[in-house]
Amino acid sequence: MKIDQQLDYLRVYFSDHFTNNNNITDSSNNNNTSTSTSTITIDKVIYSDFHYFWLRHNCQCIPHCKHPLTKERIIDSSEISLSIQPKEITILSKNGNDDDNENSTSTNTSSDNNNILKIIWNTNDNHITELSERFLFENKYSINRLNEIKVLNDLSLVEMDYQHKDANNDNEFILECLQRVKRDGCVIVRYYGTETEQLINQFEQYLEIIPTHFGRIEDLKTNNTTNKNTDQLGYTNSAVDLHTDQPFIENPPQLQLLQCLQPSQEGGDNYIVNAKQVALYLKRINPLAFHLLTSVKVKFHRKQLQFESIQYRPIIELYTDNDKYGNDNNNDKYSDRNYNNEEENEIKQLRFSYFTYAPHQIDFYLMKEYYNAYNLFTNLCRDKQFQIYFKLNRSDFVLYDNYLMFHARTAFSGERWLRGIYFNYKK
633 MKIDQQLDYL RVYFSDHFTN NNNITDSSNN NNTSTSTSTI TIDKVIYSDF HYFWLRHNCQ
693 CIPHCKHPLT KERIIDSSEI SLSIQPKEIT ILSKNGNDDD NENSTSTNTS SDNNNILKII
753 WNTNDNHITE LSERFLFENK YSINRLNEIK VLNDLSLVEM DYQHKDANND NEFILECLQR
813 VKRDGCVIVR YYGTETEQLI NQFEQYLEII PTHFGRIEDL KTNNTTNKNT DQLGYTNSAV
873 DLHTDQPFIE NPPQLQLLQC LQPSQEGGDN YIVNAKQVAL YLKRINPLAF HLLTSVKVKF
933 HRKQLQFESI QYRPIIELYT DNDKYGNDNN NDKYSDRNYN NEEENEIKQL RFSYFTYAPH
993 QIDFYLMKEY YNAYNLFTNL CRDKQFQIYF KLNRSDFVLY DNYLMFHART AFSGERWLRG
1053 IYFNYKK
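Using my numbering, you'd call the opening residue of the sequence shown number 633 and step up by one each time.
Hints are supplied without guarantee of correctness; some may be wrong.
In silico lysine-lysine, DSS-like type, Cα no more than 25 angstroms apart, as pairs [as the list claims (entries may be wrong)]:
| id | residue 1 | residue 2 |
| --- | --- | --- |
| 1 | Lys782 | Lys931 |
| 2 | Lys698 | Lys719 |
| 3 | Lys1016 | Lys782 |
| 4 | Lys980 | Lys1058 |
| 5 | Lys1000 | Lys931 |
| 6 | Lys782 | Lys698 |
| 7 | Lys814 | Lys1000 |
| 8 | Lys980 | Lys929 |
| 9 | Lys814 | Lys1023 |
Distance ranges between label pairs, derived from CB positions [unchecked claim]:
| id | residue 1 | residue 2 | range |
| --- | --- | --- | --- |
| 10 | Lys1000 | Asp863 | 48 to 56 angstroms |
| 11 | Gln897 | Ser715 | 57 to 65 angstroms |
| 12 | Glu804 | Lys1058 | 16 to 24 angstroms |
Worth flagging that the hints you see were computed from the coordinates, not collected in a lab. Keep in mind the model is a prediction, meaning the values are calculated, not measured. C-beta: ideal position from N, C-alpha, C; glycine also.
Turn these sequences into a full structure, and let the hints guide you.
Written out as structure tokens, the structure reads:
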């Protein structure tokens, strides 16, 4: 075990004896690459962060914190300052000797080791807390928490040119596209061409096309005559702000592809946001706002002349135990999670569509707080540091994860024609 002391928490790196016995194992192949995020891997050494007030509250000492006879807790958390700080932190080896301190980088890897974390608190009584490594491991609540939130705002990281690919290796090209979507949430391909059916056929090796109430393929243009239910913003030349598609149905398609057949004369630029990463950032700066957006269900209501659908869901939907164990339909999605970082992979799906929200009917005492949470999240997504701006030219396409990415376009003038196709991953 080793430790890293931070301003308001302690990071504990567990020794191999604990991490090697973790029940989570690699169930995929061992061919990990820098461009793939679909394999399940476990770092040999994992860590967890612990707030100082949590460590003090869970002190096991007798008789000050536990009753000498019943071993019940006799200290309440209200008696502990949330700003409590340690005076000194050391690690005692099993034989009681100092093994580490907050400035050390050594790790005890003995297979039968159960180190003791010793904290002398900066309080009037200099109270001492001793917690075993086993206790910390069994009660960890923040596995491999992110230090930094990844910001995807560099266009060059998600662009690739089709003309530079070997025409005889289209399968390799398709796999690279899908790997980039797994890694970054999207991929922008330049110079592919305008053969939509050819493009669909290539992706159908790994994806299944999902028809919607618009039809099999959308022709996104102002003079549309090929699709049903065109009485919505996508078929106008107006700006369409950040959103996800189809949040008003039970199972929206996970992927959307937009292929440009004719760019507009002016405007019509696209921009995308990795909303999952923004949501994780929100959790850092305002956990209560994050909690409201993950727990309060809102009404998505799409009502058109010949189509209507309603769905009640939170803006940010988290994975549940049922996703992992109880529902076969979701097992494939869950298996793509990377267990190296629990926080990174807790978000399952986002639904976000300002033009299909019904009037909110939230408890009175929560309404203002919910609006504050929603506005904070939305304004973060609108911050250009989180966005990638690009323009699709004739023969370009973009493929993105509709569960984790928000997309938008600016207003335009002149003729503009994009084709839209929805996909799901094949089982």
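Tested hints:
1. Lys782 to Lys931: Violated: Lys782 and Lys931 sit about 30 angstroms apart, past 25 angstroms.
2. Lys698 to Lys719: Holds. Lys698 to Lys719 sits at ~22 angstroms (cutoff 25 angstroms).
3. Lys1016 to Lys782: Judged against 25 angstroms, a Cα distance of about 14 angstroms means the pair holds.
4. Lys980 to Lys1058: Within the cut-off at roughly 18 angstroms; holds.
5. Lys1000 to Lys931: 17 angstroms, holds
6. Lys782 to Lys698: 43 angstroms, violated
7. Lys814 to Lys1000: 36 angstroms, violated
8. Lys980 to Lys929: With Cα atoms ~15 angstroms apart, Lys980 and Lys929 stay inside 25 angstroms; holds.
9. Lys814 to Lys1023: Judged against 25 angstroms, a Cα distance of about 22 angstroms means the pair holds.
10. Lys1000 to Asp863: 48 to 56 angstroms: The hint (48 to 56 angstroms, Cβ to Cβ) is violated, given that Lys1000 and Asp863 are roughly 34 angstroms apart.
11. Gln897 to Ser715: 57 to 65 angstroms: 59 angstroms, holds
12. Glu804 to Lys1058: 16 to 24 angstroms: 18 angstroms, holds
Violated hints, in rising order: 1, 6, 7 and 10; the structure is consistent with all others.
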